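So the chains spell out like this:
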Amino acid sequence: MSFPWANEYKPSHPLMVWFDQRLPLPRLVYNAVGGGYEVPRNLNYFWNFGFLAGFCLVIQIVTGVILAMHYGGDTSVAFNSTEHIMRDVNWGWMLRYGHANGAAAFFAVVYLHIFRGFYYGSYKAPREMIWLLGVVIFLLMMATAFMGYVLPWGQMSYWAAQVITGLFGSIPLVGDPLKEWLLGGFAPGNATLNRFFSLHFLLPFVILGVVILHIWALHIPGSSNPTGVEVKSESDTVPFYPYYVGKDGWTIGLFMLIYSAFLFFMPNALGHPDNYIPANPMQTPAHIVPEWYFWPFYAILRSFTQNFLIFDAKLLGVLAMFAAILVWFFLPWLDRSPVRSATYRPLYRKFFWVLVIDVLILGYLGGAPAEQPYVLISQLATIYYFLHFLVIVPIVSSIERPDPLPFSITESVLGSDGAAKLEAQG
Amino acid sequence: MIRIISILTGLFFAAALLWSLLWDTIQLGKDGLPHTVEKAFVKHDLKKLDLASDGVFGKFDEAQLQRGFAVYQNVCASCHSLKHVSYRSLAALGYNEAEVKAIAAKATINAADPLTGEFKDRPGQPSDKFPPVVYAGAGHPPDLSLITKARHGGAAYVYSLLTGYANQAGYKNHEGKELLKEFPDAKTPDGLHFNPYFANLNIAMAPPLTAEGQVTYSDGTPATVDQMAKDVAAFLVWTAEPELEQRHQTGFVWMGFMLFATVLGYMSYRNIWADKKGH
Chain U
1 MSFPWANEYK PSHPLMVWFD QRLPLPRLVY NAVGGGYEVP RNLNYFWNFG
51 FLAGFCLVIQ IVTGVILAMH YGGDTSVAFN STEHIMRDVN WGWMLRYGHA
101 NGAAAFFAVV YLHIFRGFYY GSYKAPREMI WLLGVVIFLL MMATAFMGYV
151 LPWGQMSYWA AQVITGLFGS IPLVGDPLKE WLLGGFAPGN ATLNRFFSLH
201 FLLPFVILGV VILHIWALHI PGSSNPTGVE VKSESDTVPF YPYYVGKDGW
251 TIGLFMLIYS AFLFFMPNAL GHPDNYIPAN PMQTPAHIVP EWYFWPFYAI
301 LRSFTQNFLI FDAKLLGVLA MFAAILVWFF LPWLDRSPVR SATYRPLYRK
351 FFWVLVIDVL ILGYLGGAPA EQPYVLISQL ATIYYFLHFL VIVPIVSSIE
401 RPDPLPFSIT ESVLGSDGAA KLEAQG
Chain Y
1001 MIRIISILTG LFFAAALLWS LLWDTIQLGK DGLPHTVEKA FVKHDLKKLD
1051 LASDGVFGKF DEAQLQRGFA VYQNVCASCH SLKHVSYRSL AALGYNEAEV
1101 KAIAAKATIN AADPLTGEFK DRPGQPSDKF PPVVYAGAGH PPDLSLITKA
1151 RHGGAAYVYS LLTGYANQAG YKNHEGKELL KEFPDAKTPD GLHFNPYFAN
1201 LNIAMAPPLT AEGQVTYSDG TPATVDQMAK DVAAFLVWTA EPELEQRHQT
1251 GFVWMGFMLF ATVLGYMSYR NIWADKKGH
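Each protein sequence line maps, in turn, to chains U and Y. Count the first sequence with my numbering and you get residues 1 to 426, in order. Count the second sequence with my numbering and you get residues 1001 to 1279, in order.
Accuracy of the hints is not assured; some may be wrong.
Stated by the list, open to error - Only pairs whose alpha carbons sit at most 30 Å apart, straight line, appear in this in silico DSS-like list of lysine-lysine:
| hint | chain 1 | residue 1 | chain 2 | residue 2 |
| --- | --- | --- | --- | --- |
| 1 | Y | Lys1030 | U | Lys314 |
| 2 | Y | Lys1276 | U | Lys10 |
| 3 | U | Lys232 | Y | Lys1276 |
| 4 | Y | Lys1039 | U | Lys314 |
Simulated from the structure, these hints should not be mistaken for lab results. Here the structure is a predicted model, which is why all the values come from computation and not from measurement.
Chain U with its partners taken away, still in its complex shape (with noise of 0.2 Å):
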C-alpha cells in the first residue's frame, strides 16, 4: 500500500522500461527504500536505527563470510585458526575484531530500535505484524549471537555452551535427552563446534529473509512518527529518497566513527580476557558471564534462587529468561491504549522510565558475580519487570487519561499557524 500522492516509478532509459516490464524489480526497490515511499516528516534521529541495524547485518555477514573461510571448526584447530586469522590473514585482524565488536554494535542499535517501538508504542495496530517479526529477530539474533560466540573455543565459549545448554537440561522429563542431543554428547565437544560453526552461518541469511518480511510488513500502514497521529494529508510526509537517505545517510558516518574507535583503538574493551584462554573443560573459570548485550537475561536467569510449590529454582530461572522475551510477543495486546506515543501518556511514561532503569540495573546485575547483594538486587529488579509488562501496563492503559494529541503531523511540525499557511497555499 501506498498513500495516494506517492511518487510512481518512470524509468526514463529504455534499457531501464524494457527491464521494468519484465522484471520490476527496479520499481519494488523505488517503491521501498526511494522515491516511491512516503514517510511522515516528523521523524526524530531514533528512527534511524532500523537502517543502521540493517547496516549492521551487512556488516557481519560480509566478515563474517571471510573469516569463514580461514576458520576451522574443530575443537583441536579452532583457537588456533582464530589465532591464524589474528596474525597470518592479511586484514585478518580488521576481520575479526570488526566481526566482535560488529556483534556489540549491532546489539547496540538493535537495543535502540527496539526502545523506539517501546516509548513511541510502534508495536500497536495497525503495526502488529512489525513488531511480532521483531522480537523474532530479536530472538534469532540472540541465538547467532551465542553460537558465534563458542566459535573461538576459549574458556567463555566452552563454559557458555555448557551453562546455556545446561538450560535445557533443566526441562523435566526430556530435560537430559534435550541437552545430550543439542549438544551432540554429554559435555561441549567436536559434534557441538560443528553444529554451532554450521548454525551460525545459516541464521544470518534467515535473519536476513525475517528482515524482508519486516520491512514488507512496515511499507503496508507505513512508518509510525513521534506523535502517533496518522499521516493525514500530503504534507505530513516526504519521500524516502532523497529525505530520509539523506538522514539515514549521515548518521551511517556517525555510527561509523563510534564503531571505528572500538574497533582500532579499543577492540577487546567489551570482551572478557578468559576467552583468550584455550577451551579447559578440566577447568571452570571463576565468573562465568555472556557478552554485555545478554547480561539483562542473565540477571533474570540466576535471580530464582528458592524452589516454588512444584518449580524448581532452575527450571523457574530458565522459564524467566525466557517469558522476559516472549512476553513482548503480546504486548500489543497487553497496552490497550488508543494512544500510541508515551510522550502524550503521562502515567505510562513515568512507569515506562522506570522499566529502563529496571533493565540498565539488570544490565549490570547479570555482569556482577552471583552472590550478595547483587541476587537480592536482581530478584527485586525482575520482580518489577515482570509486574511492568504483565500487570502494570494492562492496567495503566485502561485507567489512564492522555494528554491531547496534535491535530496532524504538519501541525506538530510547523505549528498550527504554519500548518494553516500551508492549507491556504493549498
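Start from chain U and add chain Y according to the hints.
Then chain Y, alone, in the frame of chain U:
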C-alpha cells in the same frame, strides 16, 4: 481474558521471586555479606605502567621489545611457551634477516623430514613457530603468547605480578588489616608463593626476577628487577597484539576519512531538508 492470564502470570513470577528473596534475606541475615580472603586481600589497583604502545598514537619501542625478548628467552622460556608467535615475526622488533635466522637456529624443532617423513630434531627456521616447552614440575605454566589479553589489567597486571611478590607474614591490605590475623587458615601452602596480585593469592610460580643483572642487556640499560619486569610486559603486549601499530595507523587514517565523510554527509542532509524545516 488475555489480561487476566497476563496479570496472573505476572503475579506468579513475582510470588516465586519474593519466595527466593525471603529465603535469601534470611540466609544473608545469618551469614552476612560474603567475606573471603580473596575479596579482602587480592589487590586490584595494579601498579602503573606506561608503555610506548599505549594510547591512540601508541607505537612499539623496539629497543624495549628486544630487552623484553631477552628476558623471555633467558628467564620465562624455561617454563612458558610462546606457541602462537613465529620467529619470522621477530623482524618487527628491529632484527634484520640474518639476526632472525640466527635466533631461530638456536631453537630445536621436532618436525617431519621432508625427504623421509620421519620426525626428527632440526635447528629452527624463521618460518617455524616457537616450540612447545616441556615443564617437568607441578602446575601448568600458561602459554604466554596471549597473556596480556587473557588477564584483566593486561600488561600492568604482568608487571604488577612479577614485582608484587610479598612476605605473607605481617602482610596488610590497604585498610591496614593483617591477612593472617583475619584469616589464620589462609596460610600459603608449601610449594606455592604469596602474591597479592594473583587471583587466589598463592601462585605456583616462584619469583622469576630476583636479582639485578639477571639478564644482560646489550643496549646498556641497567637490568634492574623493575626494568626487566617492565620490558617483558612490553614484549608480551607485542606477542599478544603484533598488529597494534598497523591497527593504530590504519585507524587514524580511517577515522580522519570517516570524520570528513560524515561532515559532508551532514551538510548534504541539511541541504536536502532545507525546504522542509522551519516555517
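The hints, checked one at a time:
1. Y:Lys1030 x U:Lys314: At roughly 24 Å apart (the allowed maximum being 30 Å), Lys314 (chain U) and Lys1030 (chain Y) satisfy the hint.
2. Y:Lys1276 x U:Lys10: holds, 25 Å
3. U:Lys232 x Y:Lys1276: This hinted pair holds, its Cα atoms lying about 17 Å apart.
4. Y:Lys1039 x U:Lys314: Holds, at about 27 Å.
Of the numbered hints listed earlier, not one is contradicted by the structure.
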